[in-house]
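These protein sequence lines are chains A and B, in that order. Using our numbering, the first residue of the first sequence is number 132, and each one after it goes up by one. Using our numbering, the first residue of the second sequence is number 263, and each one after it goes up by one.
Note that these hints are calculated values from the structure, not bench results. Any given hint might turn out to be false.
Computed beta-carbon distance windows for the label pairs [as the list claims (entries may be wrong)]: (1) B:GLU304 to A:HIS210: 38 to 46 Å; (2) B:GLU277 to A:THR147: 34 to 42 Å; (3) B:LYS373 to A:SER217: 43 to 51 Å; (4) A:THR226 to B:GLU304: 20 to 28 Å; (5) A:GLU134 to B:LYS322: 46 to 54 Å; (6) A:SER217 to B:THR290: 42 to 50 Å; (7) A:MET146 to B:LYS314: 22 to 30 Å; (8) B:THR267 to A:THR226: 25 to 33 Å; (9) A:SER190 to B:GLU304: 22 to 30 Å; (10) A:THR147 to B:THR267: 19 to 27 Å; (11) B:GLU270 to A:SER193: 33 to 41 Å; (12) B:ALA279 to A:LYS149: 47 to 55 Å; (13) B:ALA315 to A:LYS171: 41 to 49 Å; (14) B:SER341 to A:LYS171: 18 to 26 Å.
Using 20 Å as the maximum straight-line C-alpha spacing, the simulated EDC-like pairs for lysine to aspartate or glutamate come out as follows [stated by the list, open to error]: (15) A:LYS169 to B:ASP316; (16) A:LYS169 to B:GLU325; (17) A:LYS172 to B:GLU270; (18) A:LYS172 to B:GLU369; (19) B:LYS361 to A:GLU198; (20) B:LYS361 to A:GLU175; (21) A:LYS171 to B:ASP346; (22) A:LYS171 to B:GLU278; (23) A:LYS167 to B:ASP346; (24) A:LYS153 to B:GLU304; (25) A:LYS172 to B:GLU331; (26) B:LYS361 to A:GLU189; (27) B:LYS322 to A:GLU134; (28) A:LYS171 to B:ASP317.
If you want the ones that stay clear, here's a sample from chain A, every Cβ over 12 Å from chain B, calculated [stated by the list, open to error]: (29) VAL135; (30) GLN137; (31) LYS140; (32) LYS150; (33) PRO173; (34) PRO197; (35) SER217; (36) ASN229; (37) GLY236.
Even glycine gets a Cβ: it sits at the ideal position worked out from N, Cα and C.
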Amino acid sequence: DTEVTQTPKHLVMGMTNKKSLKCEQHMGHRAMYWYKQKAKKPPELMFVYSYEKLSINESVPSRFSPECPNSSLLNLHLHALQPEDSALYLCASSTSGNTIYFGEGSWLTVV
Amino acid sequence: GDSVTQMEGPVTLSEEAFLTINCTYTATGYPSLFWYVQYPGEGLQLLLKATKADDKGSNKGFEATYRKETTSFHLEKGSVQVSDSAVYFCALSGNQGGKLIFGQGTELSVKP
C-alpha cells in the first residue's frame, strides 16, 4: 500500500480558476516530487524538493507553482491553466537511497 | 544521457501464459533499476527493484534480474492472470539527483 496520499482524486477547473493539489507522505522521506502523466505515457518530472527546498524545476510554466510547507507536505498551486494541462498529476517521495514511491494521483481536467 | 528502452505494446496474452517484457538501458555508472505497474485509473506502484549487477528483484510472482553485461532488466512472470492487465514501466535512477528515467511503457492485456 502506498503511503503517499494525494487529494483531491479528481478535479475539474475552469481556465480562470485557482486550485491546489495536495500531497502528504508518512515515510519520513526528505525528497518529494511532482510528475505529470498523459494517458499510457511515462510520467514527466515537473519539480523536485529536497529537504524542503526546490532543487529541480524542469522548466515548468509559471501557472504551476509548487510549495513545500514541511517535510511531509507538498502542494501544487494551479492558476490560469490550459486544456492541454489536463492530465494525471502524481506526487512521489523517496529516501536518499533513491527508491521513489508514488501516490495514487490527482486527475485534473481543465475546461 | 541515460535512457531506457522497452518492448512496444500492447501485449495480449491468455491467462496462465508466460510473460516477458524486455527492457534495456543505457547509463553511466551503476544505476538502480525498477519496474513500476500502473493499473487502470490508478497511480504507479513499485513492482520490484534491483540496485546492483546480478541482483534479482521479485514480487507478486514477477521477477527481473539486473544484467550489466547485456544492460537489461527484463520482466518475467510464469503464469499471468487477468488481474495483471496494466501498463508496465521500466525505469532507472542514476546520478541525476534522484530523477527517474522511464521507458515508454508496455501495456499488457490478459484475456480469460
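Results of checking the hints against the structure:
Evaluation of the 38 to 46 Å hint for GLU304 of chain B and HIS210 of chain A yields a failure: the beta carbon distance comes to about 27 Å. Under the hint 34 to 42 Å, the C-beta atoms of GLU277 of chain B and THR147 of chain A, about 49 Å apart, miss the expected range. About 31 Å separates the C-beta atoms of LYS373 of chain B and SER217 of chain A, a value inconsistent with the hinted range of 43 to 51 Å. Checked against the hint of 20 to 28 Å, the C-beta distance between THR226 of chain A and GLU304 of chain B comes to roughly 23 Å, which is consistent with it.
Distance hint for GLU134 of chain A and LYS322 of chain B: a CB-CB separation of about 18 Å, inconsistent with the stated range 46 to 54 Å. A hinted range of 42 to 50 Å is violated for the C-beta pair SER217 of chain A and THR290 of chain B, which are about 36 Å apart. Separation of MET146 of chain A from LYS314 of chain B is about 48 Å and departs from the stated range, judged on CB atoms against 22 to 30 Å. Under the hint 25 to 33 Å, the C-beta atoms of THR267 of chain B and THR226 of chain A, about 27 Å apart, fit the expected range.
Range check, SER190 of chain A to GLU304 of chain B: Cβ separation about 28 Å, and the 22 to 30 Å hint holds. Distance hint for THR147 of chain A and THR267 of chain B: a CB-CB separation of about 42 Å, inconsistent with the stated range 19 to 27 Å. Between GLU270 of chain B and SER193 of chain A the Cβ separation comes to about 36 Å, which falls inside the hinted range of 33 to 41 Å. At about 49 Å, the CB distance of ALA279 of chain B to LYS149 of chain A agrees with the hint of 47 to 55 Å.
For the pair ALA315 of chain B and LYS171 of chain A, the beta carbons lie near 31 Å from each other, so the given range of 41 to 49 Å is not met. Between SER341 of chain B and LYS171 of chain A the C-beta distance comes to about 25 Å, which sits within the given range of 18 to 26 Å. For a cut-off of 20 Å, the pair hint linking LYS169 of chain A to ASP316 of chain B is broken: about 33 Å separates their Cα positions. In summary, the hint linking LYS169 of chain A to GLU325 of chain B is not supported, as the alpha carbons are separated by about 27 Å, beyond the 20 Å threshold.
Taken as a hint, the LYS172 of chain A and GLU270 of chain B pair is honoured in the structure, with Cα atoms around 12 Å apart against an allowance of 20 Å. Between LYS172 of chain A and GLU369 of chain B the CA atoms are separated by roughly 10 Å; this keeps the pair inside 20 Å, and the hint holds. Between LYS361 of chain B and GLU198 of chain A the CA atoms are separated by roughly 19 Å; this keeps the pair inside 20 Å, and the hint holds. The suggested pairing of LYS361 of chain B with GLU175 of chain A holds, with an alpha-carbon distance near 10 Å, which does not exceed 20 Å.
A C-alpha spacing of about 16 Å is found between LYS171 of chain A and ASP346 of chain B, which places the hinted pair at or below 20 Å, so the restraint holds. For the given pair, LYS171 of chain A sits about 24 Å from GLU278 of chain B by alpha-carbon distance, which is inconsistent with the 20 Å threshold. Taken as a hint, the LYS167 of chain A and ASP346 of chain B pair is broken in the structure, with Cα atoms around 24 Å apart against an allowance of 20 Å. Between LYS153 of chain A and GLU304 of chain B the alpha-carbon distance is near 17 Å, which keeps this suggested pair within the 20 Å criterion.
Under the criterion of a C-alpha separation no larger than 20 Å, the hint pairing LYS172 of chain A with GLU331 of chain B is inconsistent with the structure, at around 28 Å. With a C-alpha separation of about 11 Å, the suggested pair LYS361 of chain B and GLU189 of chain A falls inside the 20 Å cut-off, and the hint holds. For a cut-off of 20 Å, the pair hint linking LYS322 of chain B to GLU134 of chain A stands: about 19 Å separates their Cα positions. Distance restraint check for LYS171 of chain A and ASP317 of chain B: the Cα-Cα separation of roughly 28 Å exceeds the 20 Å cut-off, and the hinted pair is therefore not satisfied.
Not every beta carbon of chain B lies more than 12 Å from that of VAL135 of chain A, the smallest distance being close to 8 Å; the non-interface claim is violated. A Cβ of chain B approaches the Cβ of GLN137 of chain A within 12 Å, the least distance being about 8 Å, so the stated non-interface status is violated. Listed as a non-interface residue, LYS140 of chain A fails to keep its Cβ farther than 12 Å from every Cβ of chain B; the least gap is roughly 10 Å. Every C-beta of chain B lies more than 12 Å from that of LYS150 of chain A, the closest at about 19 Å, which supports listing it as non-interface.
Listed as a non-interface residue, PRO173 of chain A fails to keep its Cβ farther than 12 Å from every Cβ of chain B; the least gap is roughly 3 Å. A cut-off of 12 Å between C-beta atoms confirms that PRO197 of chain A is not in contact with chain B; the least separation is 16 Å. Distance check on SER217 of chain A: its Cβ is at least 15 Å (rounded) from any Cβ of chain B, clearing the 12 Å threshold; non-interface status holds. With a least CB separation of 5 Å from chain B, ASN229 of chain A falls inside the 12 Å interface cut-off, contrary to its annotation.
Once the 12 Å rule is applied to beta carbons, GLY236 of chain A is inconsistent with being away from chain B; the minimum gap is 4 Å.
Going through the hint list in order, the structure does not satisfy hints 1, 2, 3, 5, 6, 7, 10, 13, 15, 16, 22, 23, 25, 28, 29, 30, 31, 33, 36, 37.
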